[in-house]
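> Could you slot chain B with the ligands onto chain W? The hints should help.
Protein chains: 2
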Amino acid sequence: MKKERTLEQKFQVSFQFKVLFTHQIFDVDNTILHKLLSENAMNTSKALVVVDSGVKDAHPTLLPAIENYFDNFGKSIALQGDILEIPGGEAAKNDEALIKSILDKVNRFGIDRHSYIIAIGGGAVLDAVGFAAAIAHRGVRHIRIPTTVLSQNDSGIGVKNGINSYGKKNFTGCFASPYAVINDATFLTTLDDRDWRSGIAEAIKVALIMDLDFFEWIETEADALANRNMEVMDELIYRCADLHMQHIRTSGDAFEQGSSRPLDFGHWAAHKLEQLSHFSLRHGEAVAIGIALDSTYSQLKGYLNQPSLYRILNLMTTLGFELHHPELNDQVIQGLEEFREHLGGQLTIMLLNAIGKGFEVHEMDEELVLEAMNYVQQYSAQKIEM
Amino acid sequence: MKKERTLEQKFQVSFQFKVLFTHQIFDVDNTILHKLLSENAMNTSKALVVVDSGVKDAHPTLLPAIENYFDNFGKSIALQGDILEIPGGEAAKNDEALIKSILDKVNRFGIDRHSYIIAIGGGAVLDAVGFAAAIAHRGVRHIRIPTTVLSQNDSGIGVKNGINSYGKKNFTGCFASPYAVINDATFLTTLDDRDWRSGIAEAIKVALIMDLDFFEWIETEADALANRNMEVMDELIYRCADLHMQHIRTSGDAFEQGSSRPLDFGHWAAHKLEQLSHFSLRHGEAVAIGIALDSTYSQLKGYLNQPSLYRILNLMTTLGFELHHPELNDQVIQGLEEFREHLGGQLTIMLLNAIGKGFEVHEMDEELVLEAMNYVQQYSAQKIEM
Ligand SMILES: NC(=O)c1ccc[n+]([C@@H]2O[C@H](COP(=O)([O-])OP(=O)(O)OC[C@H]3O[C@@H](n4cnc5c(N)ncnc54)[C@H](O)[C@@H]3O)[C@@H](O)[C@H]2O)c1
Ligand SMILES: NC(=O)c1ccc[n+]([C@@H]2O[C@H](COP(=O)([O-])OP(=O)(O)OC[C@H]3O[C@@H](n4cnc5c(N)ncnc54)[C@H](O)[C@@H]3O)[C@@H](O)[C@H]2O)c1
Ligand SMILES: [Zn+2]
Ligand SMILES: [Zn+2]
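These protein sequence lines map, in sequence, to chains W and B. Using the UniProt record's numbering, the first residue of the first sequence is number 1, and each one after it goes up by one. Using the UniProt record's numbering, the first residue of the second sequence is number 1, and each one after it goes up by one.
One chain only, chain W, in its complex shape (with noise of 0.2 Å):
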């Protein structure tokens, strides 16, 4: 008789990161950088620099004024090799081949596990290089200068990273936390109006959720957001990276190992919009539609009362939202499909009882998707008074 044994295995693993908010980075008088990369027992702190093109193409000072910093501070910092440029959007997250120029650089310059490689730009350069920064040497310190609204309060301060594959968004990638992420405000004031938008929708949707006093706010403000007021910007970006930082923390799931995702509110809708759409709709911009539709259902199934439903989708109109497009049609239905079968074959959807509470749901009446749908179209064609 041979013997059946089993051994149970279990721990946690801590992390830990800071948010700092901050202006013109670069500035030899700025400290921060230079602190974080001091945090090591070496004389010379080694650092990769890679940064997003459209960031560059915006801002034709970055480069030599990254170089002036690390001179400034003699021995102490070295910038290794030449500032790397990688193309911005999903073009960083499309070619593999730019994974393996950070990796070459990580190998001729003896980056290790103690080195820093710093990332600047949108979200998608910042998922590229995270994923690079997370599979060297099983994780070198990564410095995450997010350059857009979204990634500076939504993807910059998370722990996912990753690129597409074989035409799939995200395919590969992996969890990891940064070692800081730098939020410098200066980098909003060259963003088209696209990219301003596209980031409010996570903060209307981080409200919806989870905190009504903030959605309020944004009403108040929303004209001067609108209206690209920088210091407006500065407190919603803070308050949403606030909002997301503190559910990752508390949500006791934040490597997604369950199968509930809070923070995806309105996002099955929006991925497969984004994907119908062929990408041509930024992800806020899917995602201010995934919300209107949601929002609806959730008023349509009784859950939600009728004026909060009119606040919301009069808020992302005043903001300049799309809150129809050619593609919300019934093919979208198939995206509540994809993303039960992406949490693993349980539904799990968030919908609103009211303004600023969310709540679970394992089913929806897809007939009154259709429906939703119907009535968003009719009130973005402004067929519906309010």
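Please keep in mind that the hints were generated in silico from the structure rather than gathered at the bench. Source: prediction; values computed, not measured. Hints are not guaranteed to be accurate.
[Said to hold, decoys possible] Pair by pair, the computed Cβ-Cβ distance ranges are: (1) B:H362 - W:S76: 21 to 29 Å; (2) B:D365 - W:K10: 37 to 45 Å; (3) B:Q24 - W:S280: 50 to 58 Å; (4) W:A41 - B:K75: 51 to 59 Å; (5) B:Q16 - W:L370: 38 to 46 Å; (6) W:S76 - B:L368: 30 to 38 Å; (7) B:R5 - W:K10: 34 to 42 Å; (8) B:K10 - W:G81: 43 to 51 Å.
[To be verified] Lysine-lysine pairs mimicking BS3-like chemistry, simulated, CA-CA at most 27 Å apart: (9) B:K75 - B:K35; (10) W:K18 - B:K75; (11) W:K160 - B:K18; (12) B:K105 - W:K100; (13) W:K100 - B:K160; (14) B:K105 - W:K10.
The beta-carbon is built from N, C-alpha and C at its ideal position, and this holds for glycine as well.
Quick look at chain B with the ligands alone, frame taken from chain W:
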């Protein structure tokens, strides 16, 4: 005046898995694997299987047995495509195309985060397949079926994976917990003597730093182990895996974010020796030499008494380990500096106060290391009487 603010993020992620000890895992009466594969909300659980070519060659009925096992359980579990065979040993980790071939199958067969990737093989195959599983969809359920002593009692029950790039061991990889590990003792019968012995070095290592009782048990059973007694090996692996897992669980640093590596007793020299021998030395063979060196150093430095040192050296000799190697020369000393860099600037080395009691130092006396090297060499040439 611009506002400078900071948000602090801190959270913990829980990891949990079982290590199941069994025999004849693909016997249709053995339901362990079927149970693991059924732990999701799917009607049919999809699984990819990857096998070490060395294991397949030594077990010619393995592949048909796996296919038969899946067939036997009907629609509840489904093997996806052909069983993928990859070369055993370091070859598995030297060819990036193998990772790609696993990801190709993940894509082709719609493997998602709730499907399974099963790897059957030695530590090298598990490291490579584990890496692919960790980065596909940010982590597909990964079941490890280790087939060597080392992988059953050490590497397979840990949380590291990786492949070799740029000629460097484990250059690319990440930390990821397996979904489950199944140690099937049946595989060990076909190991060659070097691989049988090699894994025993890790058991001696963990006994020396943590558990006098276990060390004395190994002493008692040394002849049985040398004569390939299977029941004794079963027990050795179980106790060694248990100690390793305990250590990982209680270290507070399972993902090695700090700069202490207690489980790497004897490993600074071992890593250098593996490299100097162009990997003609097995990992465990190099670890045995590293243990001899650091135990001798502990004695010369006055931490460990001489009878204890003799017990250690004698045990390894009885088990058939060579404690000297042509590459054990002055160059090994460089391993100290490389280990220091690997730890991020501060050297931390485990030494012995007594058998079963490791402690850490932050400095090594290089003269004394050379003396220890000389001593081990003389001992091994039987110039030292005991
Ligand atoms: N990791 C996560 O948790 C997570 C979460 C949500 C979204 N994402 C990913 O984020 C990506 C979207 O990121 P995004 O919305 O930040 O946009 P983006 O990275 O796609 O960038 C959009 C465009 O703006 C340019 N740009 C960036 N910063 C600029 C600036 N300051 N001035 C002028 N131009 C600038 C870029 O070059 C690019 O052309 C997607 O790939 C999405 O999958 C990741
Ligand atoms: N991930 C970790 O924490 C960790 C820890 C230590 C070592 N490792 C890695 O593990 C690898 C070494 O693993 P290993 O010692 O298990 O050897 P191995 O995987 O290199 O295999 C050695 C040889 O044995 C063959 N083999 C495997 N099982 C067999 C069986 N049952 N019968 C006959 N032949 C069999 C293989 O085909 C191969 O030729 C190294 O790459 C090392 O870096 C990883
Ligand atoms: Zn989003
Ligand atoms: Zn080892």
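> Are K10 (chain B) and G81 (chain W) spaced within 43 to 51 Å by their CB atoms?
Distance hint for K10 (chain B), G81 (chain W) is violated at roughly 34 Å.
> K18 (chain W) and K75 (chain B) were given as a pair; does the straight-line alpha-carbon distance stay at or below 27 Å?
violated (48 Å)
> So does S76 (chain W) sit 30 to 38 Å from L368 (chain B), Cβ to Cβ?
Check passed, 34 Å falls within 30 to 38 Å.
> Okay, A41 (chain W) versus K75 (chain B) on CB: inside 51 to 59 Å?
Distance hint for A41 (chain W), K75 (chain B) holds at roughly 57 Å.
> Holds or violated: the 21 to 29 Å window for the beta-carbon distance between H362 (chain B) and S76 (chain W)?
Distance hint for H362 (chain B), S76 (chain W) holds at roughly 23 Å.
> Is it true that R5 (chain B) and K10 (chain W) lie within 34 to 42 Å of each other by Cβ?
Hint holds: Cβ distance 37 Å, inside 34 to 42 Å.
> Has the given pair, K105 (chain B) with K100 (chain W), been kept, meaning a C-alpha gap of at most 27 Å?
holds (22 Å)
> Between Q16 (chain B) and L370 (chain W), does the C-beta distance stay in 38 to 46 Å?
Taking Cβ atoms as reference, Q16 (chain B) and L370 (chain W) lie about 41 Å apart, which means the hint holds.
> Given the hint that K160 (chain W) pairs with K18 (chain B), test it: the Cα-Cα distance must not exceed 27 Å.
holds (26 Å)
> Indicate whether the distance between the beta carbons of Q24 (chain B) and S280 (chain W) respects the range 50 to 58 Å.
With Cβ atoms ~56 Å apart, the hint holds.
> Please work out if K105 (chain B) and K10 (chain W) have their alpha carbons no farther apart than 27 Å.
violated (30 Å)
> Going straight from one Cα to the other, do K100 (chain W) and K160 (chain B) come out at no more than 27 Å?
With a Cα-Cα distance of about 21 Å, the restraint between K100 (chain W) and K160 (chain B) holds, given a limit of 27 Å.
In this structure, the hints that do not hold are numbers 8, 10 and 14, in rising order.
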